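Generate the whole structure from the sequences, applying the supplied hints.
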Amino acid sequence: MPTFAEEEVINRFNNLSFLVGDFNISVYSYNLTKGWIQSGKGNSECKIEETFITEKVKLNKEDCNVCLNNTIAFDVVDSSYRLMSFDKTLGSVDVYKGTISNETIIFNNLDSEYKTKNKLGEDISFKLIYKRLSATENELVVGYTKNKGRTWFPFVKNIYTRK
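So for the sequence shown, my numbering puts the first residue at 27; every next one is plus one.
Honestly, the hints are just simulated from the structure, not real lab data.
Just so it is clear, the structure is predicted and the values come from calculations on it, not from any experiment.
You can trust all of the hints, since none of them are fake.
In silico SDA-like links for lysine to any residue, alpha-carbon gap of 25 Å or less:
1. Lys174 - Thr130
2. Lys67 - Glu129
3. Lys82 - Lys157
4. Lys153 - Asn40
5. Lys153 - Tyr54
Distance windows between CB atoms, simulated:
6. Glu148 - Val119: 16 to 26 Å
7. Val103 - Lys60: 38 to 48 Å
8. Thr77 - Lys172: 32 to 42 Å
9. Thr97 - Lys143: 17 to 27 Å
10. Asp48 - Lys143: 27 to 37 Å
11. Glu75 - Gly147: 31 to 41 Å
12. Lys114 - Lys143: 16 to 26 Å
13. Gly147 - Gly47: 31 to 41 Å
14. Glu75 - Glu165: 21 to 31 Å
Every residue gets a Cβ at the ideal spot worked out from N, C-alpha and C, and that includes glycine.
Below, the structure written as structure tokens:
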């Protein structure tokens, strides 16, 4: 059975290497009148395992604990990145498709068969934008839409600071 050479895997994730490491996370929620307001903190451990990038995230946001296991892979069939997110707190799974440009990767779950509902019972989808800010900081901005991506609204922002 053929296997991937280590160099091929490293090249596949070269533009995403800023995601790999141990981080402290500052969590911000969006307020319509005040903008981004710090609402929590947490940590992340992200590493390359075989042909995937795996991340374990623990957050405490507004007195709610959130535990996520995320896996990023490159889909060779359609030359796109995929992110699978397992929310251990809610017991939910979500699948995102993404593209990368320079050191920014944008995922969305518009085409996912897994639908999230808001408190009103409406289907919502998410957009995740991972961006390198500096050698020691990264940003994840999460937006949501109720109209299949025509309009996006800010939801949460995480600032990752390398330990």
